[in-house]
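Going down the list, the protein sequences come from chains A and B.
Residue 10 in the numbering used here is what sits at position 5 of the first sequence, and the numbering runs on without skipping anything.
Residue 144 in the numbering used here is what sits at position 91 of the second sequence, and the numbering runs on without skipping anything.
Treat each hint with caution, since some may be false.
Claimed, not checked - Beta-carbon label-pair distances, calculated as ranges:
| hint | chain 1 | residue 1 | chain 2 | residue 2 | range |
| --- | --- | --- | --- | --- | --- |
| 1 | A | L16 | B | P93 | 35 to 41 angstroms |
| 2 | B | A107 | A | G101 | 18 to 24 angstroms |
| 3 | A | R72 | B | H92 | 26 to 32 angstroms |
| 4 | B | L109 | A | G101 | 23 to 29 angstroms |
As the list claims (entries may be wrong) - Below, simulated BS3-like cross-link-like pairs (lysine-lysine); rule was C-alpha separation at most 25 angstroms, straight line:
| hint | chain 1 | residue 1 | chain 2 | residue 2 |
| --- | --- | --- | --- | --- |
| 5 | B | K121 | B | K168 |
| 6 | B | K161 | B | K95 |
| 7 | B | K102 | B | K122 |
| 8 | B | K121 | B | K102 |
| 9 | A | K62 | B | K161 |
| 10 | B | K164 | B | K121 |
| 11 | B | K102 | A | K62 |
| 12 | B | K122 | B | K168 |
| 13 | A | K18 | B | K95 |
Derived by calculation from the structure, the hints in this document are not laboratory data.
Cβ atoms here follow ideal geometry from the backbone N, Cα and C, with glycine treated the same way.
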Amino acid sequence: KAGVTQTPRYLIKTRGQQVTLSCSPISGHRSVSWYQQTPGQGLQFLFEYFSETQRNKGNFPGRFSGRQFSNSRSEMNVSTLELGDSALYLCASSFGLAEGEQYFGPGTRLTVT
Amino acid sequence: AQSVTQLDSHVSVSEGTPVLLRCNYSSSYSPSLFWYVQHPNKGLQLLLKYTSAATLVKGINGFEAEFKKSETSFHLTKPSAHMSDAAEYFCVVRGRDGGSQGNLIFGKGTKLSVKP
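Build the full structure now, drawing on both the sequences and the hints.
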């Protein structure tokens, strides 16, 4: 079974721009979660989607948004990029909610200049 | 609210010696606890998980962890370190309250160095 894939792997953007990151979960998994990893704040939960609905959201500003498609693929969008948004963005998939074991993708490294 | 505290930001061991990575948790519920490993420029890999079955949990690559309720600890151990174990390790608890229901709450991480 193929693992979680994320595209692109690396991205460089300028302040004020917006960016869209993509995540394809493991086949059969219906839940996708997104995390931000920075040296200062560590790993922080962004949001979780299940069956195309956002089920849970972390403490991030509204510039961070996401969606999930009927095939369970997910995208996250960050608008009006700030320098502090530079981070590794990790996506994880699981079969179901709550108790599902989460499998992580390799991440997208976003650099904002 | 649930939280985890990793007591060491950096641990250095020699190859072939035991590894101990310490983690304390805080949870008003029976916790679901995990250890994840992250190698440089890679995603996170699940090492093991505790979900209220056996208190001694065996994981991959020879790692194991013991859940101790009285000490609110979930320390990760390995009898003999290998060079390939050098990585960052995260202790994780699953959120149970309201807005954090279901999502993973990560510790700050412990960077493990293995000397030849």
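Now the hints, each set against the structure:
1. Between L16 of chain A and P93 of chain B the beta carbons are some 19 angstroms apart, a value that contradicts the proposed interval 35 to 41 angstroms.
2. Restraint check, A107 of chain B to G101 of chain A: a C-beta distance of roughly 23 angstroms satisfies the suggested window 18 to 24 angstroms.
3. At about 30 angstroms, the beta-carbon gap between R72 of chain A and H92 of chain B stays in the expected band of 26 to 32 angstroms.
4. Between L109 of chain B and G101 of chain A the C-beta distance comes to about 27 angstroms, which sits within the given range of 23 to 29 angstroms.
5. Restraint check for K121 of chain B and K168 of chain B: the C-alpha separation of about 30 angstroms exceeds 25 angstroms, so the hint is violated.
6. Distance hint between K161 of chain B and K95 of chain B is fulfilled; the C-alpha atoms sit about 17 angstroms from each other, no more than 25 angstroms.
7. For the hint linking K102 of chain B to K122 of chain B, the alpha-carbon distance of about 15 angstroms falls within 25 angstroms, and the restraint holds.
8. Restraint check: the Cα-Cα separation between K121 of chain B and K102 of chain B comes to about 14 angstroms, which is no more than 25 angstroms; the hinted pair holds.
9. With a CA separation close to 20 angstroms, the supplied pair K62 of chain A and K161 of chain B stays within the 25 angstroms bound.
10. With a CA separation close to 23 angstroms, the supplied pair K164 of chain B and K121 of chain B stays within the 25 angstroms bound.
11. A threshold of 25 angstroms between alpha carbons decides the hint, and for K102 of chain B with K62 of chain A the separation of about 23 angstroms falls inside it, so the pair holds.
12. Distance check on the hinted pair: K122 of chain B and K168 of chain B sit about 33 angstroms apart at the alpha-carbon level, beyond 25 angstroms; violated.
13. Proposed proximity of K18 of chain A and K95 of chain B is supported: the alpha carbons are some 22 angstroms apart, at most 25 angstroms.
The earlier numbered hints that this structure contradicts are 1, 5 and 12.
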